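Engineer: Residue-level listing of the chains:
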Amino acid sequence: MDTLIQDKLEKEFQEKIDKDIKIEPNDWMPESYRKTLIRQISQHAHSEIVGMLPEGNWITRAPSLRRKAVLLAKVQDEAGHGLYLYSATETLGVSREDTIDDLHAGKVKYSSIFNYPTLTWADIGAIGWLVDGAAIMNQVPLCRTSYGPYARAMVKICKEESFHQRQGYEIISNLMKGTEEQKAMAQDAVNRFWWPSLMMFGPSDADSKHTEQSIRWRIKRHTNDELRQMFVDATVPQAELIGLTLPDPALAWNESRGHYDFGDIDWDEFWQVVGGNGPCNKERIEARIKAKKDGEWVREAALAYAKKHQTN
Amino acid sequence: MSSNEWPLWEVFIRSKQGLNHKHVGSLRASDASMAIQNARDVYTRRSEGISIWVVPSSLIIASDPSEMDAFFEPSDDKVYRHPTFYNLPEGIEHM
Ligand SMILES: [Fe+2]
Ligand SMILES: [Fe+2]
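Heads up: the protein sequence lines correspond to chains H and W, in order. Following the working numbering, the numbering of the first sequence begins with 1 at its first residue and continues without gaps. Following the working numbering, the numbering of the second sequence begins with 1 at its first residue and continues without gaps.
Hints may be right or wrong, so weigh each one.
[As the list claims (entries may be wrong)] Using 25 Å as the maximum straight-line C-alpha spacing, the simulated DMTMM-like pairs for lysine to aspartate or glutamate come out as follows:
#  : chain 1 : residue 1 : chain 2 : residue 2
1  : H       : Lys156    : W       : Glu10
2  : H       : Lys159    : W       : Asp41
3  : H       : Lys290    : W       : Glu5
4  : H       : Lys22     : W       : Asp76
5  : H       : Lys22     : W       : Asp64
6  : H       : Lys307    : W       : Glu10
7  : H       : Lys292    : W       : Asp76
8  : H       : Lys8      : W       : Glu73
9  : H       : Lys35     : H       : Asp207
10 : H       : Lys19     : W       : Glu73
11 : H       : Lys159    : H       : Glu269
12 : H       : Lys290    : W       : Asp69
13 : H       : Lys308    : W       : Glu5
14 : H       : Lys16     : W       : Asp69
15 : H       : Lys109    : H       : Glu10
16 : W       : Lys22     : H       : Glu269
Derived by calculation from the structure, the hints in this document are not laboratory data. Fair warning: this is a prediction, and the values are worked out from it, not measured in the lab.
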C-alpha cells in the first residue's frame, strides 16, 4: 500500500484509540496490532483450556459432593472462557483449528502457572484463591481493552471469575480451621503456589518487550509490575486473616509507598518454565494433543452426518 | 489439518421476554442443532437466555466500515427528525 495512505490510516487508527473508540473486526487496523492481538488472545484462550488440566486432576477425588459440584462448575466455566476467547481470536481472521495446532506445535504459549502439578486437595484451594485471583487482577482492566470482541469476552469472563476465587479461598480457609495436618497442607500449597502466582503477571517492566506498544494501543491498561503490586496488596491481608504465612521474608508494609514491599522473583525459574522446562509442560501439551487426536473420529463422523442430511 | 473443521456459527440470545435477540459471540458446530446445544452450554450457563438463534457466519452480510461516514451521513443533516428541532410556545412543558 502507498505509504502516504498507510500513514493516514495509522494516524486515524491511533486517534480512535486515544478517544477510546473500540476497534471492531472489519475496521482497518495495523497488521502489527492484529498480530499482537492474535498472539495475546489465543495465548489467553489456551491458558483457560490448559488450566482445566491441573484442576480436573482433582474432580474425582473432591472431598464432598458439594466440593465436587463446585469444582466441576468451575472447570466447565474455564472451558467456556477458552471458547469465548477462541471466538474472539477468529474475528481477527485466523481459524480456530490453526490456532490450536499452533499451541500443539509449541509455537504459542499459555500461562506458565499451569505447568505446576496439583499434589494435594489444598492445591485446589490455592489455585482458586491465588491463581484465579491473579487472573482477575489481569482481566478486570482487559474489560476496557481497545479491541471490541476481546473486551466483550472479558466482561463475561470477569462476571464468572468471582465465584472461582471465592470457592478457592473457602477451601483454604476451611483447611486453616481444621487439624494441624490440614493446616500444614494448606500452608504447603500456598508455599508452592505463591511465587508462581506472582510470575503470572509476566516479566518485570524492564524486560517486557511488548508492554509499551500494547499500552499505546490500549490493549493493556497497566504494566506487569503495576498489576503484580495490586495483587500483592490485595492478597496479603487475606492470608493474614486466616493465619497463613506467605513464603517471602521480605514481605512488609511500606508506609511511604502505601504498598507492600516484596522479595525478588526467581526469574531463572520463570524463564525455564516459559521455555518448556517446568514440571508439567510436556504432560500438559501431550494431554491436549491426545484430546484432539482421540476426538478426531467423532468430529469426522458428525461432519459426515451433517453433510448427508444437508443433501437429502 | 483443517479439512475437518466444523463450520462457524454466530450466536444470538434473547435474555428475557420482551427483548431482542442480541449477538453474543460465535462457536463451531457440525450442524444447526449441535450449534444450538453448544450455544446453550457456552453462552447460557447462568440463565442468560430463554431463546437462542444460530446463523452460519458465512451467511452474514455486513456494511463496509470504511464507507461508514458516507453511508450513514444522509441522516446526520436531518435535524428536523428530532423533537428538539421544534420551538414550542411558552407554557407547553410536556409534548
Ligand atoms: Fe477463566
Ligand atoms: Fe477462573
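Engineer: Determine for every hint whether it applies to the structure shown.
Structural biologist: Evaluation of the provided hints:
1. H:Lys156 <-> W:Glu10: holds (17 Å)
2. H:Lys159 <-> W:Asp41: Holds. H:Lys159 to W:Asp41 sits at ~16 Å (cutoff 25 Å).
3. H:Lys290 <-> W:Glu5: Holds - the C-alpha atoms of W:Glu5 and H:Lys290 are around 17 Å apart, at most 25 Å.
4. H:Lys22 <-> W:Asp76: holds (21 Å)
5. H:Lys22 <-> W:Asp64: holds (16 Å)
6. H:Lys307 <-> W:Glu10: The hint holds at about 19 Å.
7. H:Lys292 <-> W:Asp76: The given pair, whose Cα atoms are some 52 Å apart, is violated under the 25 Å limit.
8. H:Lys8 <-> W:Glu73: Answer holds: H:Lys8 to W:Glu73 is near 21 Å, not above 25 Å.
9. H:Lys35 <-> H:Asp207: holds (20 Å)
10. H:Lys19 <-> W:Glu73: Status holds; Cα separation ~21 Å.
11. H:Lys159 <-> H:Glu269: violated (32 Å)
12. H:Lys290 <-> W:Asp69: Answer violated: H:Lys290 to W:Asp69 is near 50 Å, above 25 Å.
13. H:Lys308 <-> W:Glu5: Distance of about 16 Å is within 25 Å: holds.
14. H:Lys16 <-> W:Asp69: At roughly 14 Å apart (the allowed maximum being 25 Å), W:Asp69 and H:Lys16 satisfy the hint.
15. H:Lys109 <-> H:Glu10: It is violated: about 29 Å lies between the C-alpha atoms, which goes past 25 Å.
16. W:Lys22 <-> H:Glu269: violated (46 Å)
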